[in-house]
Amino acid sequence: AQSVTQPDIHITVSEGASLELRCNYSYGATPYLFWYVQSPGQGLQLLLKYFSGDTLVQGIKGFEAEFKRSQSSFNLRKPSVHWSDAAEYFCAVGSYSGGGADGLTFGKGTHLIIQP
Amino acid sequence: NAGVTQTPKFQVLKTGQSMTLQCAQDMNHNSMYWYRQDPGMGLRLIYYSASEGTTDKGEVPNGYNVSRLNKREFSLRLESAAPSQTSVYFCASTTSGASYEQYFGPGTRLTVT
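Chains as they are written, first to last, in this note's numbering: chain L, 1434 to 1549; chain R, 73 to 185.
These are calculated hints, taken from the structure and not from any lab test.
Do not rely on the hints blindly, as some may be mistaken.
[To be verified] The calculated EDC-like cross-link candidates involving lysine to aspartate or glutamate, where the alpha carbons are at most 16 Å apart (straight line), are:
id, chain 1, residue 1, chain 2, residue 2
1, R, Lys129, L, Asp1535
2, L, Lys1541, R, Glu151
3, L, Lys1482, R, Glu151
4, L, Lys1501, L, Glu1521
5, R, Lys86, R, Glu151
6, L, Lys1494, L, Asp1535
7, L, Lys1541, R, Asp110
[To be verified] Label pairs and their computed distance ranges (CB to CB):
id, chain 1, residue 1, chain 2, residue 2, range
8, R, Gln94, L, Phe1484, 29 to 35 Å
9, R, Glu151, L, Arg1510, 43 to 49 Å
10, L, Thr1488, R, Glu131, 24 to 30 Å
11, L, Ser1505, R, Glu124, 19 to 25 Å
12, L, Pro1512, R, Thr92, 43 to 49 Å
13, L, Gly1486, R, Gly75, 46 to 52 Å
Model, not experiment: these values are computed from the prediction.
Positions of the beta carbon are idealized from the N, C-alpha and C atoms, including for glycine.
This is chain R alone, in the form it adopts within the complex:
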């Protein structure tokens, strides 16, 4: 049981390049999330998918798109990377019910030059 996995772990992009961050969970969770973490800012929600087939914007969605590929996988795409998107990106998942505890992946450190 790997929990939440993210690929890649590190990435360097040039301004204007595109890339997709991958996230998968093997806990049969319904809901999945993408956060970004910047120094002194805590974690901020980018997009989430409360259930398979649905996606919604979070606090900071501009410049990103997401795809809930199936129940296990939730990807985050940067179409045209900007230096302001330099950050650490975390994927998380949770199941519906009384708990709502979110399980986090190890993160992807992205640098845009």
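Next comes chain L alone, as it looks inside the complex:
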């Protein structure tokens, strides 16, 4: 069965500093990987996704992520964070069978705090 580990429960970053959120996955085949963001009391918004091809993927709001198969990682990065980036971030891996998309397995999330 697939799994996702987000090692950091909380991360505090100063506004304007760079950010890296870690994600490690376990999946038997080529993974479909996602990063979602959730602001307090809100639903989930997709930041970016990886299916194949270029291992560096660009997303919305200036985020990017790099897929490293050898390390089973899909870390999220942003060169300069803004106060509005404070939120919960979830990494997820997709499971697919002949019938279609079986669902996402999520990590437990990383809570990002931005210091002024």
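With the hints as your guide, set chain R onto chain L.
Same frame as chain L, now just chain R:
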């Protein structure tokens, strides 16, 4: 185009009561999902419907039932609510093909006392 909608937004139940959470999508997606979100646990898949007419169990199906009413609608039923089912419930949908990006509804916050 409303995307994925869920009703109700909030609900309080007493232990043993039943209720149905409703979900609808207007994106003509084939697959629909129910997740629950608990503090420190991320989102966990309860049930899903890969296509109209099929449903399958996810990671945490106990205490729940689902109905794929048609291509647009996918409901989640709690027959006898328990305090352990206090959670935020999210519905999601996706279409088959190369994307598989899931679109999420705004969530239903359920409290069972």
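Consistency of the hints with the structure:
1. R:Lys129 - L:Asp1535: It holds: about 10 Å lies between the C-alpha atoms, which stays within 16 Å.
2. L:Lys1541 - R:Glu151: Given pair L:Lys1541, R:Glu151 is violated - Cα atoms ~28 Å apart, limit 16 Å.
3. L:Lys1482 - R:Glu151: violated (36 Å)
4. L:Lys1501 - L:Glu1521: Violated - the C-alpha atoms of L:Glu1521 and L:Lys1501 are around 23 Å apart, more than 16 Å.
5. R:Lys86 - R:Glu151: holds (12 Å)
6. L:Lys1494 - L:Asp1535: violated (28 Å)
7. L:Lys1541 - R:Asp110: holds (9 Å)
8. R:Gln94 - L:Phe1484: 29 to 35 Å: About 31 Å separates the Cβ atoms of R:Gln94 and L:Phe1484, which means 29 to 35 Å holds.
9. R:Glu151 - L:Arg1510: 43 to 49 Å: About 45 Å separates the Cβ atoms of R:Glu151 and L:Arg1510, which means 43 to 49 Å holds.
10. L:Thr1488 - R:Glu131: 24 to 30 Å: With Cβ atoms ~28 Å apart, the hint holds.
11. L:Ser1505 - R:Glu124: 19 to 25 Å: For R:Glu124 against L:Ser1505, whose Cβ atoms are near 35 Å apart, the range 19 to 25 Å is violated.
12. L:Pro1512 - R:Thr92: 43 to 49 Å: holds (46 Å)
13. L:Gly1486 - R:Gly75: 46 to 52 Å: Since the Cβ atoms of L:Gly1486 and R:Gly75 sit about 27 Å apart, the hinted range of 46 to 52 Å is violated.
The earlier numbered hints that this structure contradicts are 2, 3, 4, 6, 11, 13.
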